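Engineer: If you want the building blocks of each chain, they are given just below.
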Amino acid sequence: GQQLNQSPQSMFIQEGEDVSMNCTSSSIFNTWLWYKQDPGEGPVLLIALYKAGELTSNGRLTAQFGITRKDSFLNISASIPSDVGIYFCAGSAPAGNKLTFGGGTRVLVKP
Amino acid sequence: ETGVTQSPTHLIKTRGQQVTLRCSSQSGHNTVSWYQQALGQGPQFIFQYYREEENGRGNFPPRFSGLQFPNYSSELNVNALELDDSALYLCASSLGGKGETQYFGPGTRLLVL
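As they're listed, the protein sequences go chains A and B. In this text, residue positions in the first sequence follow this note's numbering: the first is 27, and each later residue adds one. In this text, residue positions in the second sequence follow this note's numbering: the first is 664, and each later residue adds one.
Fair warning: there could be bad hints in the mix.
[Claimed, not checked] Calculated lysine to any residue pairs in the SDA-like style (CA-CA distance at most 20 Å, straight line):
1. A:K62 / B:A701
2. A:K62 / B:P769
3. A:K136 / A:T94
4. A:K62 / B:R772
5. A:K62 / B:L702
6. A:K62 / A:D44
7. A:K62 / B:T764
8. A:K62 / A:S108
Hint data in this document are derived by calculation from the structure and do not stem from the laboratory. Computed from a predicted model, the values in this text were never measured in an experiment.
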């Protein structure tokens with residue numbers, strides 16, 4: 027079945043740094059979504075991408091839908107403490123009705 | 664505009680019991696999808712309901728069943744609970760019976776003892 031590989035699994039950030047994470051798939055998707063999940067809560071939609079090559083921003087967040095339709099990345103610029111959490115990529119296959127999720131990237135603050 | 668709501672927030676059951684979880688979709692949305700999220704993992708698709716009909720199912724046994732009502736709210740029922748059913752159950756609503764742009768509720772945390 028479809029699998030999404032998300033990397034890195036975890037990362038430490040220092041306030042002001044830019045961070046980047048990505049997802050790759052074994053098959054093509056026609057929609058890529060990026061979510062953030064805080065402990066004990068449901069995922070919150072950050073950015074939705076619908077077209078290969080599309081680059082979309084939402085404040086300090088920027089995400090791109092890869093040209094091959096098998097990958098996507100998310101960048102966070104000038105990170106702040108509230109960026110801490112778990113970020114998930116999710117994809118929807120052509121004619122599909124479900125989202126397939128990556129394993130998540132846990133963003134932590136450098137001690 | 665109200666977002667996706669779920670009830671209850673937490674639930675404790677014992678093995679073999681049955682449980683019903685509820686979800687109200689975001690206003691204007693006609694599609695509800697249910698996901699199971701084990702600790703430390705991404706959500707896994709259980710099934711989707713579109714216009715009161717099941718519209719796709721993931722790799723879950725038949726003891727996981729659901730309903731969608733005319734107002735597009737939905738229920739997830741799990742029979743014969745097993746310890747491995749302990750998880751966060753998420754409901755997501757969307758428009759049009761596809762996988763695109765799903766908005767999630769806060770989830771129901773189920774613990775099976």
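Engineer: Please list, smallest to largest, the hint numbers that this structure does not respect.
Structural biologist: Number 3 - this is the single hint that the structure violates.
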